[in-house]
Amino acid sequence: MLMRRVGLAAAAALLSLGLGVAEARTVRWAAAGDPNTMDPHSQNVGTVTMVLQQVYDALIARNPDLSLRPGLATAWTQVAPDRWRFTLRPGVRFHEGEAFTADDVVFSITRALQPTSNYGIFVDTVDRAEKVDELTVDIVTRTPDPILPNKFASVFMMSKSWAERHNATRPQNTRAREEMHTVRNANGTGAFRLALREPDVRTVLRRNEAWYGWQEASPLPAGNVTEIVFRPIASDPTRVAALLSNEIDFVLDPPLQDLNRLRAAGNIRVLEGPEVRTLFLAFDTHRDELLYSDLRGRNPFRDVRVRQALYHAIDIQAIHRTTMRGQSIVTGTLFPEQVNGFVREEDVRLPYDPARARALLAEAGLPNGFGVTLDCSNNRYVNDEQICQAIAAMWTRIGVRTQLKAQPLGPFFAQIQRDDTSVYMLGWGVPTLDALYSFQSLLATRNGAQGDGIWNYGRYSNPAMDALIQRMKVETGAQRAETIREALRLYREDVPHIPLHHQMIPWAMRSNVTIPHAANNQPYFRWMVVN
Amino acid sequence: MVAAVQRFFDSDIWWSFTRSPVTVISAIVAFVCIAGAVLAPVIAPHNPFDLASLQLLDAFKPPAWSEEGEPTYLLGTDDQGRDMLSAIMYGARVSLLVGFCAVVMSVLLGVSAGLAAGYLGGTVDAVLMRIADIKLTFPTILIALLIDGITRAALPRDVHDQVAIYVVIFAIGFSNWPSFARTVRGSTMVERNKEYVQAARVIGLSRGRIMVSHVLPNVLGPVLVIATLQLGFAILAEATLSFLGVGVPPTQPSLGTLIRIGNDFLFSGEWWITIFPGIALIVLVLSVNLLGDWLRDALNPKLR
Amino acid sequence: MFAFIVSRILQALPVMLAVALISFAMFAYVGDPVAIMLGQDFTEAQRQALIRDLGLDQPFFVQFGKFVLNAAQGEFGLSYRLSRPVLDLIIERAPATLELALTAAALALLIGVPMGVYTGLYRNSWLSRVFLTFSLVGVSLPTFLIGILLILTFSVWLGWLPSFGRGETVKIGGWSTGYLTWGGIKALILPSITLGLFQLTLIMRLVRAEMLEVLRTDYIKFARARGLTNRAVHFGHALKNTLVPVITITGLQLGAIIAFAIVTETVFQWPGMGLLFIQSVGAADIPVMAAYLMLIAALFVTINLIVDLLYYAVDPRLRIGGGKGGH
Chain A
1 MLMRRVGLAA AAALLSLGLG VAEARTVRWA AAGDPNTMDP HSQNVGTVTM
51 VLQQVYDALI ARNPDLSLRP GLATAWTQVA PDRWRFTLRP GVRFHEGEAF
101 TADDVVFSIT RALQPTSNYG IFVDTVDRAE KVDELTVDIV TRTPDPILPN
151 KFASVFMMSK SWAERHNATR PQNTRAREEM HTVRNANGTG AFRLALREPD
201 VRTVLRRNEA WYGWQEASPL PAGNVTEIVF RPIASDPTRV AALLSNEIDF
251 VLDPPLQDLN RLRAAGNIRV LEGPEVRTLF LAFDTHRDEL LYSDLRGRNP
301 FRDVRVRQAL YHAIDIQAIH RTTMRGQSIV TGTLFPEQVN GFVREEDVRL
351 PYDPARARAL LAEAGLPNGF GVTLDCSNNR YVNDEQICQA IAAMWTRIGV
401 RTQLKAQPLG PFFAQIQRDD TSVYMLGWGV PTLDALYSFQ SLLATRNGAQ
451 GDGIWNYGRY SNPAMDALIQ RMKVETGAQR AETIREALRL YREDVPHIPL
501 HHQMIPWAMR SNVTIPHAAN NQPYFRWMVV N
Chain B
1 MVAAVQRFFD SDIWWSFTRS PVTVISAIVA FVCIAGAVLA PVIAPHNPFD
51 LASLQLLDAF KPPAWSEEGE PTYLLGTDDQ GRDMLSAIMY GARVSLLVGF
101 CAVVMSVLLG VSAGLAAGYL GGTVDAVLMR IADIKLTFPT ILIALLIDGI
151 TRAALPRDVH DQVAIYVVIF AIGFSNWPSF ARTVRGSTMV ERNKEYVQAA
201 RVIGLSRGRI MVSHVLPNVL GPVLVIATLQ LGFAILAEAT LSFLGVGVPP
251 TQPSLGTLIR IGNDFLFSGE WWITIFPGIA LIVLVLSVNL LGDWLRDALN
301 PKLR
Chain C
1 MFAFIVSRIL QALPVMLAVA LISFAMFAYV GDPVAIMLGQ DFTEAQRQAL
51 IRDLGLDQPF FVQFGKFVLN AAQGEFGLSY RLSRPVLDLI IERAPATLEL
101 ALTAAALALL IGVPMGVYTG LYRNSWLSRV FLTFSLVGVS LPTFLIGILL
151 ILTFSVWLGW LPSFGRGETV KIGGWSTGYL TWGGIKALIL PSITLGLFQL
201 TLIMRLVRAE MLEVLRTDYI KFARARGLTN RAVHFGHALK NTLVPVITIT
251 GLQLGAIIAF AIVTETVFQW PGMGLLFIQS VGAADIPVMA AYLMLIAALF
301 VTINLIVDLL YYAVDPRLRI GGGKGGH
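Residue numbers (the working numbering), protein chains in the order written: chain A, 1 to 531; chain B, 1 to 304; chain C, 1 to 327.
Okay, chain A solo, but in the shape it has when bound:
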C-alpha cells in the first residue's frame, strides 16, 4: 500500500514537472454553508455537491453552460427503449490507487438506489445496472427514460473495494450508532483529492495531477489551482469583510446588497449569472376552508379569479429593482430557458394592475378582501424574507390583508411538508434540466407514485395537467416538446402558482482569479485560473 502510494506520488511529480505546473497556487474559498457530509450519495444539497463534485466524477460531466460532456464514460447510447449502454474510460484510478472498472459503476448505481440514499430522484427509473465487460455497463430502466444521461450527471462514482473495506456500502444514515467512514473521508477519481476535513472550520482539497481531464479538450483551458482551502462563513457582513480584507479569494454567495461595494473595491470582480431556480407562490387549492384566513366557509384560492387578482397585485419590477437590486430574471413561467422544454412565448406575466386586481376580487364576491398568512423561509433563497415582506405589503394594498410568517428553512419545510399552509413561497431548482422534474414534483396530483406531486403542498389537482404529465414521462422528440408546451400554456391559464423570478447567483472573487460561472451554482475549479 505504502509502496504503491510512493509510486503514485513519484508519477504525479514527474507528470507535473513535464507539464510545467510546479508552482503552488492556493485559492481560499468561502460560502455561507458547510457541507455536512462527504458521502457521495447521502445529501443532495448544493453545499455538499459544491465540494464533492471536485472530488468525485460522474459517468457524465457538464460544461460550464451545463451541456453534457464525457466524464467517466466516453460514450452512451440508448441501445433499447429501456436500456442505456455506457462505455467507460480506460486507465482511470481512484485517489487511493484502485482502478476504476464496471464493477464500481454497478456498485455506485446500486448504492444510489438504496433507501438511505438522497439521490433517488436521479435513478428513479433505474431497475438495475448490468456489467457487460470490464469497461461497459448497461442501465436497465423500468420505463423508457429519454433524459437518463441528464440525471446521471449527478450520480457520483465511488470505488467498490474502498467502500467495502471501510464498511460503507450503504449511503450514510443516522441509524448507524457509529460514525461512518464516508462522512469525513472521500476517495473519488476527480480533479482534486480531499486532503483535510474539519467540519465547520476548513476543508482542504489538493490537485490530482493524474486526472484525465487536465489533458482533455474542453471549452476552456485547464485551470492552474493546486490547492483549494474552503472555509464556511455564515455571517453575511463577515464574509464580505473577509473578501475585502484579502483573507478570501472567492466567495460563492456574496450578499446582493454588498455587490456595489464589492464592484467599487477595484481589486474584486463580481461575476453575474442566472441560476436554474425559480421562485413562485403556491396556494392551498385543496381544502374547502383555508387554515390560516379570517374568511370562513369558503376557500378563496379555489377561485381562479382570486389567484389572478393576487398575481395582478404584484409589482414584480419593483421587487426586481429594489429587493433584488437587479439580480433576478422576472418570469411568468415555471422554469428558466436552460431547462429542456422552455418556451419563450409562454414566459408572459399577468401585468401589474392593482385596479384590475381589486375588480377581480369584487367579481369573485370578495370586495372587502380577506386576511391570509403567507409562509416563507428566511434563509433559503436570495432575500426570501424581503421578497415576502414586499408581497405582503402589495397584497394588503388591494385588500388581502397578509400576515407574513417567515421562518428558517428547518421549521419552514417541516411545516409546509405537512400541507400545513394556505399560501407559501418556494424556490425550485431543476438539476436534471428537464421540464418533467418541475411538472411532476410541483403540479401532479399526489397519488403515491414515486415523484408525483411530492412537493405539491397546496395539493393543486387538475386532470388535464395530470394527463399531460403522464405523457411527458414516456413521449420523446417533437411530440414530447408539444406536450410540454401545452402544459406550460395550461400553467399560465390556470394560475396554480404566481411565478416571480429566476434567481441570479452572483459570485465574487479577487480580480486575479477567473472561473466560468455555472447556472447550477457549482464552481468548477478545474477551470479556475489564478494569476
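Simulated from the structure, these hints should not be mistaken for lab results.
These numbers come from a predicted model, not from an experiment.
Mixed in with the good hints, there may be bad ones.
With the Cβ distance kept under 10 Å, some of the chain B side facing chain A (calculated, not the full set) [what the hints assert, rightly or not]:
| id | residue |
| --- | --- |
| 1 | Ala200 |
| 2 | Ile203 |
| 3 | His214 |
| 4 | Leu266 |
| 5 | Phe267 |
All C-beta atoms, glycine included, are put in the ideal place defined by N, C-alpha and C.
For this one, chain A is given, so just place chains B and C on it according to the hints.
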C-alpha cells in the same frame, strides 16, 4: 404636595443633580428617548406596521440632509420603504417596554425574596440565598435562551409568536432578581434589629405588615439604584437576544432586531439602516446608565 | 469537610437534572430534524423510517429517560447535522472557546485592575474621569456591536487584523492552539477584546469601589499614621485587600465569559463551542444543543463548587455552621 416638591428641590439630591452637567444632560436625553418611545403612536411621522402604506418605491431613501434624501423621511428608509425614524421610535418602545417590565419583575421577585430571607432568617434564608447563588453564576443570556427554548417547545409556534415578548420579559426579569434579593436581605437584617421594628412587633403587628410598611421603605434607596442600572442591562440583554434571533418576533421589531436587520447593510452603502438604530440603542442605554451611576453616588453618603 | 462537599454535590444534582430536562425539552419540538435530514426528495415511507430510527415516535419521557442515562455516560448520540459523535464535536471545539475565554479574561484582569487602582486612588483626576466614562460606554455597548465596529475598523478599513476564524493553529496532542503562530495570535486579538471589554469595565469598577472602601478603613489610616509611604500603603495594604473579591468575581465570571462567547463567536465565525451551538440551533440539531447546555451547566456547577470550597477554606465561620447560608 407643594411642600414635598419644595423639600425635593431643597434636598441634597437635587443639589448634587444640578451640580453635575453630565447628569443633567443624560437626564434630558433619557427623557427625550423615553417620551419619543412612549408617544411613538402619536408623534411618529409614519406607522411602520401599516403594511398598506409601505411602498417599495420609497425603499433605501437616504437621510433627509443628504443629496437624494426626502424631507418626509428624516433618517431615511429601510429596504421595505419603512421610515427609519418611526421604526426606531417604535423599536425603542418595544425595547423600553421589555426592559422596564423585566426590571419591575426582578424588583418584585428580588425584594420579596430579600425581605423574606432577611427578616425571617433561618431555613428560608438559607434556601433562598442558595437559589440566588446558583442563579447568579448562570449568565442572563443563557437563562433567557433556556426559558425561550422551553416556551418554544411547550407552545405552538403561532401562540409563541404572540407571547414571545412576555417570554423575553420573563426570561430577563427572572435572571436578574438575585442582585435585588442580596441587597434587600442585607438592609433588612440591619433594620430588623432596630428599635422601631421591635416596637412594632411588641404592639402586635403581623410580620407581613412590618416587612412591607416598616422595613421596605428603608431599603428602597439601594433598590432604586440597582433598578436604574439593571434597566440598561435589561435593554442590552433584549437587544442581544434579538440579535441572535431568539428575542421578540420580527413583527414587533425592537432596537436589537433593527440592528440585526441593519447588520446586513454594513458594507452596502445604506449606512443609515445600520447606524441609526445602533446609535439610538447606545444613547438610550448610556443615558440610563449615567443616571444610575449618579444616583448611586448621590445616595451613598460615604462617597461624598 | 467531607460532609460539606457531599452536601454541595447533592445540591448540584437537582440543578443538573433540571438543566437536562430543560435542554432536552427545549429542542424536542423546535424545527424538524427529519425534514432537514431528508433533503429535497423523499417518500413518506422514508420519512417514517427516519422518525423511527431517531426514536422520535416514542413518548416524551421515554426519550428523556434514555437521554439522561446516555448523558451520564458522556454519550450524547450522533449529531443530526454532521453525523458525528456529539462529544467528539464538542471536544474538538473546546480549545477554541477556552483559549478565547482565557485570553479575554487575562486582558480584562491585566487592564482592568490597574485602571481600577488608578481611578480609586485619584478619584478626581481627569484621567480617572476618562476611564470612568470609557467604562460606562463599555457597559452600554452591546457585545455584538463592539465586534462589528472592530471588524469594520481593523479589518476592512485598516486591514491590520483578520476578521474571522482562528488563523493558523498548531495541534499539540488533541489540543489545537492559536498561541504558537503569529497568525493565530493576530486572529485572537479582536474577538478577545470584544469578549473581554465588558468584564474589563466590571473589574475596573469593582477594584475602584473596593479601593475606595479599603482606603477609608482604620487600618489604612494607621498605616499612614505609621509614616509608611503612599506606595507601600496603596500597593502593600490596600490593593492586596481588594484582590480577594476581584479574583473570586473573575472566577465566577469565567462561566459568563464562556457563555457570552456565543455572541462573539457568531460575529467572528470563531470555530468554538458557542458557534457550534448557534449553528446547531439553526439546524435543529438536538443532540448537540442538549449536550452543550449540559456541559455549560456542569461547568457552572463546578465553578460554584470550587468557589464554595475556597470560601470554606478561607472562612472559618463556615466550618461551624456546616453548609448553611454563608455570607
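Status of each hint after checking the structure:
Hint on Ala200 (chain B) is violated. Least Cβ distance to chain A is approximately 57 Å, over the 10 Å limit. Evaluation of the Ile203 (chain B) hint against chain A yields a violated restraint, the C-beta minimum of about 61 Å exceeding 10 Å. For the restraint placing His214 (chain B) at the interface with chain A, the shortest Cβ-Cβ distance is roughly 53 Å, beyond the 10 Å limit, so the hint is violated. A cut of 10 Å between beta carbons decides the hint on Leu266 (chain B): the least distance to chain A is about 4 Å, and the hint holds.
Residue-level restraint check for Phe267 (chain B) holds (minimum Cβ-Cβ distance to chain A is 5 Å; threshold 10 Å).
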